[in-house]
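Enquirer: The chain contents come next:
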Amino acid sequence: MHIHKFEKIWLILGTVTLVAFLSTIGIQAFTSPDHAPPSDLTTIEPEEVETTAPFDEPGLKKVGENEYELVMILQSFGFTPGEVEIPQGAKVKFIVTSIDVVHGFEVAGTNINMMVTPGHINSMTYTFDEKGSFLILCNEYCGIGHHYMSAELEVK
Amino acid sequence: MVHQLDSRLSMAHFYVAFAAIFVGGLFGLLQALVRSEMITLPPSMNYYQILTAHGILMAIVFTTFFIFGFMYASVARTTGSLSNMARKSGWIGFIIMTVGVILTVVMILANEATVLYTFYAPLQANPLFYIALALIIIGTYFASFAIIKQYADWRKANPGQRSPLIAFMAVATLVLWLIATIGVVIAVVFQFIPWSLGWVDEINVVLSRTLFWYFGHPLVYFWLLPAYMAWYVIVPKVIKGKIFSDSLARLAFLLFILFSIPVGFHHQLLESGISHGWKFLQVVLTFAVIVPSLMTAFALFATFEISGRARGGRGLFGWFKKLPWRDVRFFAPFAGMVIFIPAGAGGIINASNQMNQVIHNTIWVTGHFHLTVGATVAITFFGISYWLIPHLKGRVMTERVNDLGIYQTVIWVFGMLIMSGAMHFSGLLGNPRRTQVTSYNGHEVASQWGAYEVGMAVGGSFLFISLILYIILMINLSFFAPKGNEEFPIAEASENAQETPKILENWKVWIGIAFALILFAYTIPIMDMIQHSPPGSKGFKFW
Ligand code: HEM
Ligand SMILES: [Cu+2]
Ligand SMILES: [Cu+2]
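From first to last, the protein sequence lines are chains G and S.
The numbering of the first sequence is our numbering, which starts it at 6 and goes up by one.
The numbering of the second sequence is our numbering, which starts it at 761 and goes up by one.
In isolation and in its complexed conformation, chain G is listed as follows (with noise of 0.2 Å):
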């Protein structure tokens, strides 16, 4: 098959940049747990998290020097807690699930973001350098009160 001359330098070069972007990403991705997507394996069964630790205790907990954990129960429509405050600088492992229905995990203006399916556990690690008033919300359509569906995250 005649490729045009142009038409190979076009694409050879656009092949690179690929796979240079690509290698970046997955460089990234793997190298530093922080900045991989969301994964989480652990199952659940959703008729009883409200007795399956850690979902039995909402809330933070502190777990080290500067580092907490945050455990979410997600329900249509609110959170479990819906108010919560960390310090400032603290390193904080959201750990959430839904008693339901599919959710949306996303703390606006941030990288906090994920999925929480029935069924299923996500978490994810993230730090709070700067003080402020944060929105929690739902942003997967759950149902008609889908938009009241939010919390207050403060960090002083």
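Please keep in mind that the hints were generated in silico from the structure rather than gathered at the bench.
Treat each hint with caution, since some may be false.
[To be verified] Between beta-carbon pairs, the in silico distance windows are:
(1) G/Ala25 with S/Ile1290: 33 to 39 Å
(2) S/Phe1061 with G/Gly69: 33 to 39 Å
(3) G/Ser37 with S/Trp1085: 28 to 34 Å
(4) S/Pro802 with G/Val68: 49 to 55 Å
(5) G/Val24 with S/Met798: 44 to 50 Å
(6) S/Leu938 with G/Gly87: 44 to 50 Å
(7) S/Met1287 with G/Gly87: 37 to 43 Å
(8) S/Phe1061 with G/Val68: 54 to 60 Å
(9) G/Gly87 with S/Met798: 38 to 44 Å
[Said to hold, decoys possible] Subject to a maximum C-alpha distance of 16 Å in a straight line, what follows is the list of computed EDC-like cross-link-like pairs (lysine to aspartate or glutamate):
(10) G/Lys136 with S/Glu1204
(11) S/Lys997 with S/Glu1204
(12) S/Lys1298 with G/Glu52
(13) S/Lys1298 with S/Asp961
(14) S/Lys997 with S/Glu1247
(15) S/Lys1298 with S/Glu1065
(16) S/Lys997 with S/Glu1246
(17) G/Lys136 with G/Glu90
(18) S/Lys1298 with G/Glu50
(19) S/Lys1301 with S/Asp1288
(20) S/Lys1000 with S/Asp913
(21) S/Lys1298 with G/Glu53
[Claimed, not checked] Residues from chain S that keep clear of chain G, each with C-beta distances beyond 12 Å, as calculated:
(22) His763
(23) Val1218
(24) His1292
Being a predicted model, the structure only gives us computed values, none of them experimental.
Ideal Cβ positions, reconstructed from N, Cα and C, are used throughout, including at glycine.
Place chain S with the ligands on chain G using the hints.
Expert: Relative to the frame of chain G, chain S with the ligands by itself:
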């Protein structure tokens, strides 16, 4: 000339498509007005109900019916009038699809299926909604059979000859569709229907989402490839040029089949239950689709340049001015191509593994697909309809309709740039998609989004004005334009293009490679989802 009996089949599809885009567009406008808090809906209607209808009418009904109408006409134009068997199968398909559409719309209006067009489990709609969706897909199987049969008959009657390019492209698009729909058919038939009927209690949510996205991503190429058919084969003729390379055009379509199916995980990057390594593999395969996209961009601009120079354009860019800018048959698809450049760049961002986290499920995504399907594809389809409808109805597009068509296109482009632009920017600030009100009790973070939502409403209003003009022009071209002959432009390959290699028409090879890639990308993760399946979910009806 397309035979009259075949014209009728095409036109039936176009009427449904036009009705769908009109009603869907009205709902789209309402959504934009509600989000910006300019209006509130009457209590008998809820936001998510019209959003479900908008998604289905636009993304499923308008696109699918338009595509089949266009394909029947293209195949009849290049392979001769449809055989009786093909035509009959086409009509059966049309009837089944239409019944499916009516039933779907009835279920949505009855508020029995406010689950959005992605119908994610475990929100549970009325079983008739899933059955209706299945009917739409079954209908397309009859339609696909009609076109593939016509193509196969042509090849049998013309042994050793290269098939007409546009017919080949139609078949390639349908091969993609047939492989892709396997996923959603399995999900609907084996998961959703038994579960909604109460035959089984629980559904495997992650598996249903994976099967959905196995289909949901190639679905976007099913919309796009018919636009490419017009770009590769019809636009060159309109500008009095030639097809740059027949064989590379065929190769591009085959590569789209290979690289658009085994990539659904890039819609599930933020999901639990799928390991990181498998997601990354599909990210890499997703990006492979850039290669045929680059081939397409090269071929199209090469055609433009050659044709512009043949008209006397000189210098590095002089040819550009010589293109027929005042011809809507060229202008509209060209506008679509230009918009596809930023639209494609946005797609690269969406698919980029960790970058997805910034925009996932924000209204950025909605901005992205209004640029791709809502602008690039839709405008190219508008451009096609300006000459195809009069051609099929034995009428002509007058100078006036041509000029109004250019205005219609410009208003649509303008509206889409405002609406999608606002969606992109506010999505970056975290504004979620699919959300009726985004004030969140006046939270300071949410208050930044208001101005952009006004922008969305302004853009949406332009879009709706453009749509009204479009529908008026289509009614004119179907029933009132002067009688006559409008050309169905089909370009030929350039003389210096070489013989097309036989392997490009050996479907067994390409379908075989496609399945090998799919098995590679999906077998282990799906086995995992079944073996280590999470506890299932019962249904919920939260609306
Ligand atoms: C008059 C023109 C249009 C307007 C004003 C419009 C407006 C909108 C708006 C505001 C949304 C977002 C709703 C939300 O997320 O809360 C939306 C969603 C959507 N639009 Fe459009 N749109 C138009 C045309 C189109 C076209 C031509 C297509 C495709 C062919 C399309 C396909 C979609 C889809 C698939 C969704 C997503 C539905 C969902 O998230 O479930 N729209 N549209
Ligand atoms: Cu929710
Ligand atoms: Cu929600």
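Enquirer: Against each hint, give a clear statement of whether it holds in the structure.
Expert: Right, here's what the structure says about each hint:
1. G/Ala25 with S/Ile1290: 33 to 39 Å: holds, 37 Å
2. S/Phe1061 with G/Gly69: 33 to 39 Å: About 57 Å separates the Cβ atoms of S/Phe1061 and G/Gly69, which means 33 to 39 Å is violated.
3. G/Ser37 with S/Trp1085: 28 to 34 Å: About 51 Å separates the Cβ atoms of G/Ser37 and S/Trp1085, which means 28 to 34 Å is violated.
4. S/Pro802 with G/Val68: 49 to 55 Å: Since the Cβ atoms of S/Pro802 and G/Val68 sit about 51 Å apart, the hinted range of 49 to 55 Å holds.
5. G/Val24 with S/Met798: 44 to 50 Å: holds, 48 Å
6. S/Leu938 with G/Gly87: 44 to 50 Å: holds, 48 Å
7. S/Met1287 with G/Gly87: 37 to 43 Å: holds, 39 Å
8. S/Phe1061 with G/Val68: 54 to 60 Å: Once the Cβ atoms are compared, 57 Å apart, the range 54 to 60 Å for G/Val68 and S/Phe1061 holds.
9. G/Gly87 with S/Met798: 38 to 44 Å: violated, 30 Å
10. G/Lys136 with S/Glu1204: holds, 14 Å
11. S/Lys997 with S/Glu1204: At roughly 55 Å apart (the allowed maximum being 16 Å), S/Glu1204 and S/Lys997 break the hint.
12. S/Lys1298 with G/Glu52: At roughly 10 Å apart (the allowed maximum being 16 Å), G/Glu52 and S/Lys1298 satisfy the hint.
13. S/Lys1298 with S/Asp961: holds, 6 Å
14. S/Lys997 with S/Glu1247: Answer holds: S/Lys997 to S/Glu1247 is near 10 Å, not above 16 Å.
15. S/Lys1298 with S/Glu1065: Not OK: S/Lys1298 and S/Glu1065 at ~59 Å, beyond 16 Å, violated.
16. S/Lys997 with S/Glu1246: holds, 14 Å
17. G/Lys136 with G/Glu90: holds, 11 Å
18. S/Lys1298 with G/Glu50: holds, 12 Å
19. S/Lys1301 with S/Asp1288: The given pair, whose Cα atoms are some 29 Å apart, is violated under the 16 Å limit.
20. S/Lys1000 with S/Asp913: violated, 30 Å
21. S/Lys1298 with G/Glu53: holds, 13 Å
22. His763: holds, 35 Å
23. Val1218: holds, 22 Å
24. His1292: Given a closest Cβ separation of 7 Å, the condition is violated.
The structure is inconsistent with the numbered hints 2, 3, 9, 11, 15, 19, 20, 24, although it conforms to all the rest.
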